[in-house]
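Asks: Spelled out from the first residue to the last, the chains are:
4 protein chains.
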Amino acid sequence: MFKLSRVLPLTSSSRHTAQLLEMVSSRKVEVRDSLRDGCGFTYSASISTATNNYAAKGYASDRVFAPYTVYKGKAAFSISPCLPTFTKLDSGTVVVDRRGSMMMTFMHSVGERKYDWEKRQRFALSATEVGSLITMGAQDSCEFFHDPSMLSSNAGQVRKSLSIKPHANNNGYFVSLTVVNNLLNTKDYFSVPITTAEFAVMKTACSFALPHIMGWDQITNQQSRDTVGLQPKGDSQVLDLEWEK
Amino acid sequence: MFKLSRVLPLTSSSRHTAQLLEMVSSRKVEVRDSLRDGCGFTYSASISTATNNYAAKGYASDRVFAPYTVYKGKAAFSISPCLPTFTKLDSGTVVVDRRGSMMMTFMHSVGERKYDWEKRQRFALSATEVGSLITMGAQDSCEFFHDPSMLSSNAGQVRKSLSIKPHANNNGYFVSLTVVNNLLNTKDYFSVPITTAEFAVMKTACSFALPHIMGWDQITNQQSRDTVGLQPKGDSQVLDLEWEK
Amino acid sequence: MFKLSRVLPLTSSSRHTAQLLEMVSSRKVEVRDSLRDGCGFTYSASISTATNNYAAKGYASDRVFAPYTVYKGKAAFSISPCLPTFTKLDSGTVVVDRRGSMMMTFMHSVGERKYDWEKRQRFALSATEVGSLITMGAQDSCEFFHDPSMLSSNAGQVRKSLSIKPHANNNGYFVSLTVVNNLLNTKDYFSVPITTAEFAVMKTACSFALPHIMGWDQITNQQSRDTVGLQPKGDSQVLDLEWEK
Amino acid sequence: MFKLSRVLPLTSSSRHTAQLLEMVSSRKVEVRDSLRDGCGFTYSASISTATNNYAAKGYASDRVFAPYTVYKGKAAFSISPCLPTFTKLDSGTVVVDRRGSMMMTFMHSVGERKYDWEKRQRFALSATEVGSLITMGAQDSCEFFHDPSMLSSNAGQVRKSLSIKPHANNNGYFVSLTVVNNLLNTKDYFSVPITTAEFAVMKTACSFALPHIMGWDQITNQQSRDTVGLQPKGDSQVLDLEWEK
Chain A
17 MFKLSRVLPL TSSSRHTAQL LEMVSSRKVE VRDSLRDGCG FTYSASISTA TNNYAAKGYA
77 SDRVFAPYTV YKGKAAFSIS PCLPTFTKLD SGTVVVDRRG SMMMTFMHSV GERKYDWEKR
137 QRFALSATEV GSLITMGAQD SCEFFHDPSM LSSNAGQVRK SLSIKPHANN NGYFVSLTVV
197 NNLLNTKDYF SVPITTAEFA VMKTACSFAL PHIMGWDQIT NQQSRDTVGL QPKGDSQVLD
257 LEWEK
Chain B
17 MFKLSRVLPL TSSSRHTAQL LEMVSSRKVE VRDSLRDGCG FTYSASISTA TNNYAAKGYA
77 SDRVFAPYTV YKGKAAFSIS PCLPTFTKLD SGTVVVDRRG SMMMTFMHSV GERKYDWEKR
137 QRFALSATEV GSLITMGAQD SCEFFHDPSM LSSNAGQVRK SLSIKPHANN NGYFVSLTVV
197 NNLLNTKDYF SVPITTAEFA VMKTACSFAL PHIMGWDQIT NQQSRDTVGL QPKGDSQVLD
257 LEWEK
Chain C
17 MFKLSRVLPL TSSSRHTAQL LEMVSSRKVE VRDSLRDGCG FTYSASISTA TNNYAAKGYA
77 SDRVFAPYTV YKGKAAFSIS PCLPTFTKLD SGTVVVDRRG SMMMTFMHSV GERKYDWEKR
137 QRFALSATEV GSLITMGAQD SCEFFHDPSM LSSNAGQVRK SLSIKPHANN NGYFVSLTVV
197 NNLLNTKDYF SVPITTAEFA VMKTACSFAL PHIMGWDQIT NQQSRDTVGL QPKGDSQVLD
257 LEWEK
Chain D
17 MFKLSRVLPL TSSSRHTAQL LEMVSSRKVE VRDSLRDGCG FTYSASISTA TNNYAAKGYA
77 SDRVFAPYTV YKGKAAFSIS PCLPTFTKLD SGTVVVDRRG SMMMTFMHSV GERKYDWEKR
137 QRFALSATEV GSLITMGAQD SCEFFHDPSM LSSNAGQVRK SLSIKPHANN NGYFVSLTVV
197 NNLLNTKDYF SVPITTAEFA VMKTACSFAL PHIMGWDQIT NQQSRDTVGL QPKGDSQVLD
257 LEWEK
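Residue numbers (this note's numbering), protein chains in the order written: chain A, 17 to 261; chain B, 17 to 261; chain C, 17 to 261; chain D, 17 to 261.
Take these hints with a grain of salt, some might be off.
[To be verified] Per the computed footprint, the stretches of chain B lying under chain C, defined by three or more beta-carbons under 8 Å from a beta-carbon of chain C, are:
(1) 138-149
(2) 172-185
(3) 202-208
[As the list claims (entries may be wrong)] Simulated pairs of lysine-lysine, PhoX-like, Cα-Cα distance not exceeding 25 Å:
(4) 219/C - 181/C
(5) 135/C - 104/C
(6) 181/A - 203/B
(7) 219/D - 219/B
(8) 104/A - 130/A
(9) 130/C - 203/C
(10) 104/B - 135/B
(11) 104/D - 135/D
(12) 176/D - 203/D
(13) 219/A - 219/D
(14) 104/C - 176/C
(15) 104/A - 176/A
(16) 104/D - 181/D
(17) 90/C - 219/C
(18) 219/C - 181/B
(19) 88/D - 203/D
(20) 135/D - 219/C
(21) 181/A - 90/A
(22) 219/A - 135/B
(23) 90/D - 181/D
(24) 219/D - 181/C
(25) 135/A - 90/A
(26) 219/B - 90/C
(27) 88/A - 219/A
(28) 104/A - 135/A
(29) 181/B - 104/B
(30) 219/C - 219/A
(31) 219/A - 181/D
Hints are computed from structural coordinates only; laboratory data are not their basis.
Cβ coordinates follow ideal geometry from the N, Cα and C atoms, glycine included.
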C-alpha cells in the first residue's frame, strides 16, 4: 500500500497526476473497467491505451484533466465535472444516455503531503444534489445517500453518504464521506474541513458546470452549429408552441 | 390511452425517451405539425422524417434532447430551453423571428412510475417570466396566464395558468398548471411538489439559458466568427455611440 | 414625423425591426455615419450597404439583432450588448480599441403601440455602470451622467442622465433618461416603469454580457483557438508570475 | 524613470497599451523571461518577437489584451485572467501544468494621469483567493500573503500582501498591496479606493473567469470537440461511476 501512496507537492498537482498516470497505466484490467465509465475525470480513463480505444470510437484522443482539489491534514478530496454521455438514435436524435455528475474523490492522508490514492472513494453528485450544494447558506447543511448497486443483486450491500456541515465557528464546512461496504466488510470515513473561500470556489465552479452535466450546453450550442438556425424568409409566421402537441 | 402511457425508469430517462420517439415516429401527421414549431425540445421534432426536412433547410441533422425532469407521485414535469428562430433579411441582417422560451411539459401519473405522455400539456415561459422565476425568494410565489390562441379567432377559448407557490413548511414549492379548453370542453390540472434543490437547479439552469433564449449568445458569438472583429489599424479613433443616430 | 412612427406589434418585435431596416436603408448618409460605430446593435449598421462594407473588412456579412425591449404606455426602451472593437498592432497583439457597452435606446409612445423611432435617444452603459446596475438591491437607486461631446469643442453642450429608481410600492423601478441638448436647444425626457421580473432579466442578461463587453471572452477563447495552449513537454517547470517584470 | 512613465488617457486604454508595447519591445532580455510565463496578460508576452516564438510552438500569433483597470489619484491597478498552461503526456492526456490566476498589476501615480509602469508590482490571485473575493459581503475584508520565492533559496526574501477592506462609509473598498523586498532592500505600498460598482465588475468578471483559470472550460469544451461525445448505440447500459475504481 505504501508503495502506492504518492507525494503531493502542493505547488504542482499536475506532476503528481503525471506520476499517477504512469502508475495506473500498468494496470490494464482496471483500465478497461474504468474506461467504460466514459468520464473524463477518472485517472485511468486518461491513459494511452484508454484514449486509443476512445479514438477508435471517434473520441478526441486528448483527455483534459483539471480537478479542483482541497488537501487537508487527514484527508483530501477533489471535484471535477463528469459530462453526460449521449446516444444517437436511428432517427438522428441525440439523447442523454447516462447523466453527467460532479465527481468527488476522497483520499486518506498517509503522512506529510502523502495521500493514499489506492484506497480512494468516489461520490458522484447528481444535478439535483448539485442544486442543494449551490443553494446552501452559511448555516445550512446537507447529506446525500447513495447505493451504487441500487437495482442490482447487490442492492444495499454498499452504502455511501456524503455530508456537508457548517463549522461551529461559522467560517467554513466539514465535507465528510462514509462508505460501508458489506461485500468487503469494510467501513471507511473521510472528513475534510474547508474554508468559505474553498466552498465559494466549489459553488461557483459547480454553477458553471451544472448546465454542462445536464447536457444543456449541447442544446444551446446547436444553433451555432446550425449557422444561427436560419429559416427561409417568408416562413416566419409566429406559431404557438403551447398549442401544438 | 393506457397503451400510450410509458414506464419511466427513474434511473434512465433516455431509454424512456427512445421508446417515446419510436412511438411518435409512427404518427406522421402529428410530426409535420410539431415540426413547424422549430423547437429542439418537442419529442416529435426530433424524429427522422423531421430531421430530414431540417437538413433540407440547412439544419444539422442531429437534435440534442436533454430536458430536466422532476418525477413525483401524481404528476411530472420537464423543462428545457427552446431557442429563438431567426430570419435573414435581404440586407443580410439576422433578426429574431420567434422568441425563445423555456418549455415546460406536464404529464399525469397513471400508475407506479407511469406517466401519460399522450395527455401532456405544455407551457412556454417567456424571457420575462423566466426573470420572475429566477428572482423568486423562499417566500415568494408567482403565477402566469397564457392564451395560446391570443389574437386568433379562438382567442379566450383556451386558458392556461402556471403557478409556483412555496410549501407551507417552507422547504420547496408547488409547481401547478391549469388548462381550461372550451373547444374540447376539458379542464386539466397538474401539481408537482419540488424541493428547494430541484428549484435551485431550475433557477441556475434557467439563468444559464436566459441569454440563449433571448438570442444574445448569437450577438456575443459574432466576434469569434469575425476573428475578433478586427478593424484595420489607423481607423481606430474613438467615436461616440450615443452621439450618432 | 408621424409617417416615421412605427406600429410595434408586441407579439413580434422582429417584423417591426424588418420594417425599420427597410426604412433606414434608404438614408445612405446616416448609414455611413453609424456604420463607423461598429456596434452590432445600431439599426443602421445592419443594413445591406453596411454589411457589404463590413464584408470588405473581413467581417461576417451577417449582423445578429436581438435587443431586449420593454414597451410601456408612454415610452419604451431596449437594451443590447455592444461589443468592443479591437485593433491589431504590428506586433500581432490585439488590443481593445473602443470599449464595449450595454446600449440602451429610448423611444416615446406616439399612439397605441406606436413608438417614435426617429426621435430615439441612446445611452451607452460602461462596464462599471453595468456593475452598478447588476449590484442594485430592491431599495437601491442609481444615476449616471454622460456628455457625449466630452473632450471635444462641444463639451457640455449635450448632457444626458440615466436614472433607475425603485417604485414607491417596492415592486419594480422607474428607468428614466433625460437629454438636454443646447446645440439643438431641446430637452427630452423618457420614463419607463419596469417590473422586478423585467429588471431581473436585465440584471441576468447584463451579467452574462459584462465579460463580453470587457473583451474577456476573447481572452478565455484564446486557448480553444490554441488547441488548449499546449506547451512542449519538459518545458513545464513552474515559474512565478509575480516574480517577473 | 520619468521618461518611462506614461500618459494614460482615460478615454482610451488601448492607445496607452500600444505605447507600452513599443517601449517594452525594445527590451529583448526581459521579453524572453516573461515570455516563459505563458500568460496572455503580461505586456511583454504580447510583443512581436514573443508571438513569433509562440507561433513556432503552434500558438495563435494573436494575443488578446483587455485588462479591467481602475485609475485613481495615487495609484491604479488592473486585473485580467491568466489562463492555466497544460502539458500533454505521452499517453495523450492533457494535464494542468501551471494553474491559472487572476493577475493584478499595481502602478503608482507620478503626476496627473501618469502612472509609473516601470515600478509596477504584480499579485496573482489563485482560484481559492478568487473564491474569497467573490464571496465577500459589504462588511467583509480579506488579506492574502504571497512569497514569490517560496521553496527557492530566496524564500522569505520577498513578501507580498494584498488586502481588500471596506470603506468606513460603507460604499466601496480599499484595495492595497504591500511588497517588502529584502533582496533589493525596498518596501512598496499601493492603495486604490474602489466603488461598490467597480467591485461588482471585479466579482462578476472573476466569477466568469474562475472556471477558465481552473481549466474547467477545457473539460466542458471537450464534448463539442468530440461531436457530442457519442457512443455507439447498444453500448448504453448505465454503469455506476462510484462503483468503479
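Asks: Would you list, in rising numerical order, the hints stated earlier that this structure does not obey?
Replies: 2, 3, 5, 6, 8, 10, 11, 14, 15, 16, 20, 22, 26, 28, 29
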